[in-house]
Amino acid sequence: MSTNPTHITAPDGTPFIEIVREFDAPRNLVFRASTDPDLVTRWLGPRELEMRVVEFDVRDGGRYRYVHTAADGSTYAFRGVFHTVTEPLIIQTFEFEGAPGSVSLETRTLQDIGGRTRMQQSAVFPSVAARDHALAAGMEHGINDSMDRLAELLGSGAVRNGR
Amino acid sequence: MARAHEDHDRLDRAFAALADPVRRAIIARLSTGPATVNELAEPFPITVQAVSQHVRVLEQAGLVTRTREAQRRPVHLDPAALEAVTGWIDTYRLQAERSYRRLDAVLETLKEER
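As they're listed, the protein sequences go chains A and B. Residue 1 is where the first sequence starts when you use my numbering, and the numbers rise one by one after that. Residue 1001 is where the second sequence starts when you use my numbering, and the numbers rise one by one after that.
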């Protein structure tokens, strides 16, 4: 199965992040996988973290909260409120409890493209700084982590001798 | 194994391209969206021509592509190429990508259930 690309745009000087991704499945299944908490825990968030759904009340005005737990026991909790829940359109707030008050508004549209589905998700942060912080938090970790892995890879000789 | 050789050559070029801090900064910037060479040059105390050279190295390493849009020629990060290197850099994008791949798998099982 070929993998569909994930397109992320976050223009400089704006509080926006937009993600576009297509799925080789009909829209009702993408909707189900996005709103059934048992299914959501199977894909949302980093693989190395265990996800536990505390609350997932999928209806207009319903709350959600989930907690990711790392191997070392540290936890990362997220919460928000569903504003609109329909198959073509889900609108919700999103807050990382580690950065309280920085609440983004997420608008997710699911478009039927001939039996397949195009998901477009836009997030608006309360400020450009909050948006940049959210991006940078992931990136700094990622760059350090990847530099370590790059060094390991180069040191192991894997690059020249095969993986 | 011609295929294995190609992979190694590509990895060598990619790692060589990423050995430079300016080029790593360019990749980090592009991970947030496409940009023109002029836009990429803004944060650096070096000439646009020098940045253009760096972009060419990244392009030859298969890490970025350039498209033509009217008068602009924005530089885009090539997600597939970058992930082939080691998947370093943009955890934001990578995490999204990984999540969506797992969602792909969940959707496959849902399709089978029907």
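Bear in mind the hints are in silico, worked out from the structure with no lab data behind them. Backbone N, C-alpha and C define an ideal beta-carbon position, used for all residues, glycine too. Some hints here could point you the wrong way.
[To be verified] Just the calculated beta-carbon pair ranges, DEER-fashion: (1) E1113/B with R63/A: 39 to 49 Å; (2) D60/A with N1038/B: 42 to 52 Å; (3) L49/A with F1015/B: 21 to 31 Å; (4) D12/A with P1021/B: 38 to 48 Å; (5) S127/A with N1038/B: 33 to 43 Å; (6) E1113/B with Q120/A: 18 to 28 Å; (7) V1022/B with P11/A: 17 to 27 Å; (8) H133/A with E1113/B: 36 to 46 Å; (9) A1019/B with H133/A: 43 to 53 Å; (10) R1073/B with D24/A: 30 to 40 Å; (11) E1059/B with S74/A: 35 to 45 Å; (12) G73/A with I1046/B: 43 to 53 Å; (13) P88/A with V1022/B: 40 to 50 Å; (14) Q1071/B with V124/A: 21 to 31 Å.
Verification of the supplied hints:
1. E1113/B with R63/A: 39 to 49 Å: Taking Cβ atoms as reference, E1113/B and R63/A lie about 29 Å apart, which means the hint is violated.
2. D60/A with N1038/B: 42 to 52 Å: Given a distance of about 46 Å, which is inside 42 to 52 Å, the answer is holds.
3. L49/A with F1015/B: 21 to 31 Å: holds, 29 Å
4. D12/A with P1021/B: 38 to 48 Å: violated, 20 Å
5. S127/A with N1038/B: 33 to 43 Å: violated, 26 Å
6. E1113/B with Q120/A: 18 to 28 Å: holds, 26 Å
7. V1022/B with P11/A: 17 to 27 Å: holds, 22 Å
8. H133/A with E1113/B: 36 to 46 Å: Distance hint for H133/A, E1113/B holds at roughly 41 Å.
9. A1019/B with H133/A: 43 to 53 Å: This hint is violated: roughly 29 Å between Cβ atoms.
10. R1073/B with D24/A: 30 to 40 Å: holds, 32 Å
11. E1059/B with S74/A: 35 to 45 Å: holds, 40 Å
12. G73/A with I1046/B: 43 to 53 Å: For I1046/B against G73/A, whose Cβ atoms are near 45 Å apart, the range 43 to 53 Å holds.
13. P88/A with V1022/B: 40 to 50 Å: Cβ of P88/A to Cβ of V1022/B: about 44 Å, so the range 40 to 50 Å holds.
14. Q1071/B with V124/A: 21 to 31 Å: holds, 30 Å
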